[in-house]
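Chains as they are written, first to last, in numbering that gives the first Met the number 0: chain E, 0 to 425; chain D, 0 to 548.
These are computed hints drawn from the structure, not numbers from a lab. Since the structure is predicted, the reported quantities are computational estimates derived from the model, not experimental observations. No residue lacks a Cβ here, since even glycine has one placed at the ideal position from N, Cα and C. Mixed in with the good hints there might be a few duds.
List time: in silico DSS-like cross-link candidates among lysine-lysine, alpha-carbon distance up to 25 Å [as the list claims (entries may be wrong)]: (1) E/K94 - E/K60; (2) E/K334 - E/K268; (3) E/K220 - D/K86; (4) E/K268 - D/K86.
Pairwise CB distance ranges, derived in the manner of DEER restraints [to be verified]: (5) E/D249 - D/A112: 47 to 57 Å; (6) D/D228 - E/G421: 45 to 55 Å; (7) D/L233 - E/T282: 56 to 66 Å.
Take a look, some chain E residues computed to stay more than 12 Å from chain D by CB distance [unchecked claim]: (8) K28; (9) T44; (10) P80; (11) E84; (12) G158; (13) I193; (14) K214; (15) K220; (16) K238; (17) V271; (18) A287; (19) T329; (20) T361.
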Amino acid sequence: MKFGKVLKWTAPAVLALSASLASAADTIKVGVLHSLSGTMAISETTLKDTILMMIDEQNKKGGVLGKKLEAVVVDPASNWPLFAEKAAELLEKDKVSVVFGCWTSVSRKSVLPVFEKDNGLLFYPVQYEGEESSKNVIYTGAAPNQQAIPAVDYLMSQGIKRWVLAGTDYVYPRTTNKILEAYLKMKGVKDEDIMINYTPFGQSDWQSIVADIKKFGSAGKKTAVVSTINGDANVPFYKELANQKISAEDIPVVAFSVGEEELAGLDAKPLVGHLAAWNYFMTIDTPANKQWIAKWHAFTKNPKRTFNDPMEASVIGFNLWVKAVEKAGTTDTEKVIAALPGLETPNLTGGMAKVLPNHHITKPVFIGEVRADGQFDVVWKSKGLVAGDAWSDYLPGSKDVEADWVTLKCGNYNKVTKVCSGQNFK
Amino acid sequence: MSLRSCWLAIGTAMLLSLVMATSASAAATAPPPESGQAPQGLDALLRQLADTDDYSVKQDLIRGIATANSAQDRVVLQALLEGRLYKRDSDGTVLVADVADAPFAMASAVSGAALGRSDGDGVTLIGVNNQLRRQLRALLAQFDLASGDSAVRLAAVNEMLRAPDAASTAALRAQLAKEKDAAVRASIQSGLAVAALDSDDAAQRLAAVRELKGSLNTEVYNRLTSLLDSETDLGVKKAAIDALRGIDRWRTFYSGIQTLMFGLSLGSVLVLAAIGLAITFGVMGVINMAHGELMMLGAYATYVVQLLMPNHIGASILVAIPVAFLVSGLMGVLIERGIVRFLYGRPLETLLATFGVSLILQQAVRDIFTANNRPVETPDWLAGSLQINDVLSITYNRLYIVLFTLAVFALLLMVLKRTRLGLEVRAVSQNRAMAKAMGIRTEWVDAMTFGLGSGIAGVAGVALSQLTNVGPNLGQSYIVDSFMVVVFGGVGNLWGTQLGGTALGVINKVLEPFAGAVLAKILVLVFLILFIQRRPRGLFPQKGRAAEG
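Just chain D, same shape as in the assembly (with noise of 0.2 Å):
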C-alpha cells in the first residue's frame, strides 16, 4: 500500500515539473498526439472509456487519455493498470480510488478533488485486458523516463525495449544525452542499438551488431537470428553470426547451471525428506512407513503455527521449523516407545505396525482438518527470485532450501560426531550388544534416535509445506522417494544420503527436459534397481563385522 502512495507522489512531483517545465521538453516526454484527431478534454475521454465495453475502442482512448496533456494523465493510467479506477453509476463521473483503507477514498479522475469515501456500492469498476494492461506499461514508463529515482528510470528503459518503436527510440535517445547513472545509460545503449539493427545503413548495422555481441538479452538474441534472415551485406552477416555463436555458447552454460540448480533444490528436498529416515533405518533397523507422515505432521505444524501468527508471516516459518521439530519428534517418540520398541528384531512386524501408525495419523489429520489441503503462505522473503542475469534465475524458496538442508545436514553431523548422544548412537548401530556391555541405555538411545530422525522428518515437513500442497497425502508422496535415497546411499550413513539424494535429484532433471517428467522419474528407477544389483548395500555402506547388510 505504501509502494502505491509512493507511485502516486513520484507521479505527482514528476507532472508538477513537467507543468512546471518548458513545452519543448513536456513534448518529449509524452507520447506524440494520435494524428487526425483533435485532442479532446480528459474528462470527455474518461466518460467514454467507463460507459464502453470494447476493448479495442478502450485502447484508442487510452491512447487520448496519454496525450490530454493534463496534469491528472499520469495518475488516471496508473489507477486503471491497478484496477483502481471506477465509474460512478448516478452521473457517469469518473472516479480514482485509494485503496489502502476500505472504504476507499475516491478522489475525481480529472481534477484530483477529493469526493468522499465509498465501499463499492453505486460504483463500477473499468475492467481492462491484458492487451490494454501492456499498452498501459509501456505507456506508464515513457512517463517515467523523467523520474528522480534510477531504478524507476532502469525499470521504464527495459519496459520500453519491450516493444520499441520510433517514438520510443527518440525518447531514449533523448534520455542519453542528460543520463547520469551507468546502469541506465548501458541499458539505453543496448536498446539503442537493438533499434539501430533497422537502420539502412549497412555501417550502422555492423557497428550495432558489434555493440550487442556479448549481450545474453533474450530480446537482442532474438533480434540477432531475425536479422540473419533478412540481411544482405555480408560483413554485417558474418559479424552477426559470431555474435549468435558466442551467445549461443554462453546460453548453452547458463542453462546447463539451471539445469544443474534444479537438480541440486529437488536433491535437496529428497536429502532433507530422506535424512531422518536414514537415522532410524541405519541405527535400529527399523522400517518405518509412517516416516511420511511425519513430515506431513511438520507441514501441518507450519499451517498453524501461520493461523496463530496471522500477521506475522515472514517470522512465522522460523518459528514452525523448532515447532515442527518438537511435534514430529515426540510424535517419534511416542511412536517408538509404544510400539516398535516391542517389535525389535522382527522387520516385518515393524513395517506392518508402522504402516498402520501412517494411517491413523492421515486419517486423525482428516478428522481434525478436514480432508481438503490446507493453505500455507509464502513469505516476502522466500517469493520471487534472484535473477543472475538474463538466461539464469534461481527461484527464492528453492535456494534457501537448498541452504537449510545442508545446514540441518552440518547440524546432524555435529550431533552425531561431538555429542554424548551421538557418541551413543553410533555406538548402538555398530554393535548393540557390546554397547549395552559398555553401560549404554540402549532403549533410551532407541527412543532419542527415532525421536530424532522424526523431528528432521518434521522439519522437512516445514520446508515442503512451502512447495508442494499441504494435505493428509503429503506424506505418501515422499515416502518411496525418501527410501529410494536411503537404498542408494546406503543404510545409516549420513554422507551416502547426502550425495545420494542430490545426485538422484540432479539425474531426474537432467533427464526430465528429453524424456518429460513421468519418464524421467521411471527411467531413475530403473537406475536404481539396476544399481542394487550390482552394489546391494548403496554406495557408502556401513563396514564392520557386526554392521548387518
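So that you can see chain E by itself, here it is in the shape it has in the complex (with noise of 0.2 Å):
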C-alpha cells in the first residue's frame, strides 16, 4: 500500500524529470526575445514569425548536429525591464543556446548584463547607433556608419541645407543624433540650420511638432527631417505629416526605423516620395530575394505579407550561427562565439554577409523612396558592402576606440592610450 502511494506521488514527477531530460538530449533550445505587445508590438511581432520559420525550415533539412530546433518564445511586451527578466529566464532556465532578440537599443542595453554575467549569445538584428561591441552579441544590424551616414551623404548631394534631427527619446536617437550632429557640423553646416527635437514613446499629439518642422523649413533653404522615431509613434507623425500638407517634395523625411512592416498598416499615399535608409527593402530584384519572399509567404500562408531588413537580419544571423555550430562541433556558447568572426553567408541582395573582428558583419546600403502601395523604390546604393564600424569616427570619445574580438579579446579599446575598458578577457 505505502509503496503503491510513494510511486502515486512519484511516478508523474520521474516521468516528466525522464521526459524532459530526453527533450533536453534530443533539442537544441533556441530563444526569441521579441516584444509581442505594446508600443514596439508593430515591429517585433515579424521577427518572432522570421525566427519561426528559420527554424522549421532547419528542422526539414535534419536540424543541427543531428538534433532538432525547439523555439522558446517569450513577450517581454516593449517594457525594458522585463526584457532583462525574460533573458534571464531563457537562459538560466530555458537553458537556450542562442537567443535571437530585441529592437531598441534600451531593450538590447537592458539585457546586455544579464548575457555577459550568464555568457550568453544574443543576435542582435537591428540598425542601432554603435559605440558597442560585446562578446556576447553578434550585430547583424546597421552601425550608423552603414545606414545614418549613408543617408546624410544622399541628402546633401539632393542639395540639403537644413536639417531636423527628430527622435525618441532614447539612446539610440540620443547617439545617433549626436554623430550625425558632429558629421553635420564637420560638413560645415551651421548651428541654426540643424534643429534636434525628442519625443516620448508612443507620442501621439505631433501638431506643435509638425507644425515647427513646418516653419523651420520654410526659411528658403532645401530642409530635410531625419527621422529616428521608433515604434507606433510614427503612425501619427506621418498622418500629421499628411494632414498639415507637407509633402515629400517639400520637405523630405529619411527615416531608420520605419520599414515595410510599419508602412503596410499606413495609408501610404500621401507618404510618397518621403524615404527610408535600410540595407535590405523587399523590392530589390535578385533571384535570392525573390525566391526568398516566395517561402516566406508560403509560410506565413500570407501572399500579401511584407520582409524587412531587420528580418532579413535575422536570416543572416540564424544562417551564421547553424554555420558557427557546425564549425565548432557544439553549441556551447564559448566554442561558438570563437567560431563566428571570418564566418560568411549570402545576403538576400546578392552580396555575402561576412562576421567581423567587432562582432558586426558587412552590409550594403541602400536608400529607397515610398511607393503608394507601402513598397520602397531603391533612389540609391551603395558602390560595395560597408564593413560595420562599432565606434563612430566622428565623435570625439569613439574615434580612437576600436572593438577586436579575435587578437585584442576587447570591445572597448583605445588606440591611443592602449588601454582595454570594459569587458576585458584577455
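Relying on the hints, combine the two individually framed chains into one complex.
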C-alpha cells in the first residue's frame, strides 16, 4: 500500500524528469526575445515569425548537429526591465543555446548585463547607434556608418541645407543624433541650420512639432527631416505630416526605423516620396530575394505579408549561427563565439555577410523612396559592401576606440592610450 | 479616379485648343526648348527615358519631352508624375495606363491609341524620385496656365511661384494681360513683385517692396529677408525693413493663435477623456481604474463598425458614436452591478477591483483582436487641413474634435440639468441619505450614472481612434491624464473639468516649443502638484455641508 502511494506521487515526477531529460538530449533550444505587445509590437512581432520560419526550415534539413531545434518564445511586452527578466529566464531556466532578440537599443542595453554575466549569445538584428561591442552579442543590423551617414550623404547630394533631427527619447536616437550633429558640423552646416527634437515613446500629439518642422523648413533653404522615431508613434507622425500638407517634395523625411512592416498599417499614398535608409528592401530584384519571399509567403500563408531589413538580418544571423555551430561541432557558447568571426553567409541582395572581429557584419546600403503601395523604390545604393564600424569616427570619445574580439579580445580598446575598458578577457 | 480622368479631359481639351491656336501663343505657353540640342521626336525621348536608370539623365529627357510640341506632351508628363507610365518589356514601347479599373487599360504614349489591357505582367513602371516630381509639377503648371478653370490656374500660378525663373515670369506676365479672375490676378501680381525684387532699377525694387507690404506668404518673407543682405539702395532697404517688421508682428500674432488652437485641441481631447470620469468619480466617489479601457473599447467599436461597413467610411464615424456609447455604457453598467456595487465606501478596494477589471479588458481585447494595433481609417472629410491664411492652418480632425467635445459637454450639461435622471444624479451626489429618504432609487441611479460616464468614455474612444493608434494599451496612455484633469478641475463639477482640461492642454502646448514635449509634460505635472497643495479640492470644488472633500 505504502509503496503504491509513493509510486503514485513520484511516478509523474519521474516521468516528467525523464521526458525533460530525453527532450534536452534531443533538441537544441533557441530563444526568441521580441515584444509581442506594447508600442514596439508593430515592428517586433514579425521578427518572431521570421525566426520560427528559420527553425522550421532548418528542422526540415535535419536540424543542427543531428538535433532538432526548439523555439522558446517569450513576450517582454515593450517593457525594458521585463526584457532583462525574460532574458535571464531564457538563459537560466530554459537553458537556450542562443537568443535572437531585441529591437530598441534600450532593450538591448537592459539585457546586456544578463548575457555577459550568464555568458549567453545574442544575435541583434536591428540598426542601432554603435558605441558598443560585446563579446556576447553579434550585431547583424546596421551601425551608423552603414545607415545614418550614407543617408545624410545622399540628402546632401540632393541639395539639403537645413536639417531636422527628430527622434524618440532614448539612447539610440540621442547617440545617433550626436554622431550626425558632429558629422554635419564637420561638413560645414551651421548651428542655426540644425533643429533637434525628442518625443516620448508612443507620442500621438504631433501638431506643434510638425508645425515647427514646417516653419523651420520654410526659411528658403531646402530642409530634410532625419527621423529616428521608433514604434507606433510613427503612425500619427506621418498622418500629421499628411494632414498639414507637408509633401516629400517640400520637406523629405528619411526614416531609419520605418520599413515595409510599419507602412503596412498606413495609407501610404500621402507618404509617396518620403525616404528610408536600410540594407535591404523587399523590392530588390535578385533571384535569392524572389525565392525567399515566395518561401515566406508560403510559410505565413499570406501573399500580402511584407519582408524587411531586420527580418533579413535575423535570417543572416540565424544562418551564421548554424554555420558556427557546425564549424565548432558544439552549441557551447564560448566555442561558437570563437568560431563566428570570419564566417560568411549570402544575404538576400546578392552579396555576402561576413562576421568581422568587432562582431559586426558587412552590409550593402540602400536608400529607398516610399511608393503608393507601401513598398520602396531604391533611389541610391552603395558601391559595394560596407564593413560595420562599432565605434564612430565622428565622436571625439570614440574615434580612437576599436573593438576586436579575435586578436585584442576587447570590445572597447583605445588605440592611443592602449587601454582596454569594459569587458576584458585577455 | 474620376479626378484623374477629369485631368486627362482638361489636358486633352487644352492641347487640342493649343494645337488650333496660333503658333505665337503656343510658343508663349510652352517652355522654351533646350538651346544647342536638336528637338528629338517624342518616341525617341520616351524610349530613352524608359531605358535609363540615371535620374539626372531622366531630368534632361523630361525637359525635352515638355518641348516636343506633341499633343501627348502633357498626358505623358502627367502619367509620369502619377506613376502611370510603363515600358512594355517585349519591344520597349512606352505606354500610359488608365488605373481606373484593373486590369489597367493601356494606351500608346506617343499616339494615344488604345493597346489593350494589362495586369502588371510584361510591363515595367518608369520610376521618378522627389527631384523629378518637383520638375514635373513645375512643367505641368506651365501647361495649366491656359486652363479654363480658375482654380486650376490659381494652383498653376502658385506652383510656378515656388521656383520662379525667367521663363515662368514671362509666362505669368503674359497671363496677367488676359486674366480675369481676381484671386489669380492677385497671386500673379504678388509673384511678379517678388520677381521684380531682382530688378536692377532701384525704383522698381521700391515699388515691388511696397506692393508686397502686407503679404504673409512665406516665399515673400524669405525673399525680403535675403534682399536685406544684398540691398545697396537705402530707400529700398528702409522700406524692406518696415515691411518685414509689419509682417513679423502679424506672423508672431498668428503663430500665437496657432499655439492656442493646438492647446485647445489637446485640451478638448483631455476633457473628452475626463468628463466621464468626472461623473463617476464626482457622483459616486468611485475611483474607476478601468476608465481608460472603456475608452479603448470605444476605439475598437469604431474599428469593428468600419469592418462592417467598409464602403461607407465617411459615415462610419457617425455610426460608431452611438455604438461606442452603448458598448462602453453597457460594460460600465456591468462593472457597477457586478463589482463596484459591493464595494461602496471602500475606495481602496474599488481602486484595486477596477484595476483588475482593466487588466481583464486589456487581455480580452488582445485575445479577440491580437496584440497588434488595428488600423482605423480616417474619412475624407476629416483628413487635411483648413488653410486660413499663409501662416495659419488647422487640421480638420482636431477642429472637429474641439467642436465635438463642446457638443458632448453641452449635451451632458443638458442631461444633468434638465432631465429627471440628471436631477436624481445631482441629488444623490449631494446627499445620498437624504435622496434615498426622498424616494429616489439610489442603486438604479448609481448604475445609470456609471453607465453614462462609461458611455461618454466610449465616445471619447471614437475621437481618439482618429488621433492615435488603436491598440490594447490605448487606455493606459490616457488614464493618468483623465485623473489629472478631474482632480485639477474639481471633483464632480463638469465646468471644472471643461476649464481644467482646456487649461492643462493650453499650458502644455505653450510650453512645448520652449521645453520640448517630454519636459513640457513634466512641468505640467509639477504645476499640478503645487496647485493641489494650495487648493486640494481643485478649481471648482463641490459646495455644501454633505459634500466630501
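**In rising order, the numbers of the hints this structure does not comply with** = 2, 3, 5, 9, 12, 14, 15, 16 and 17
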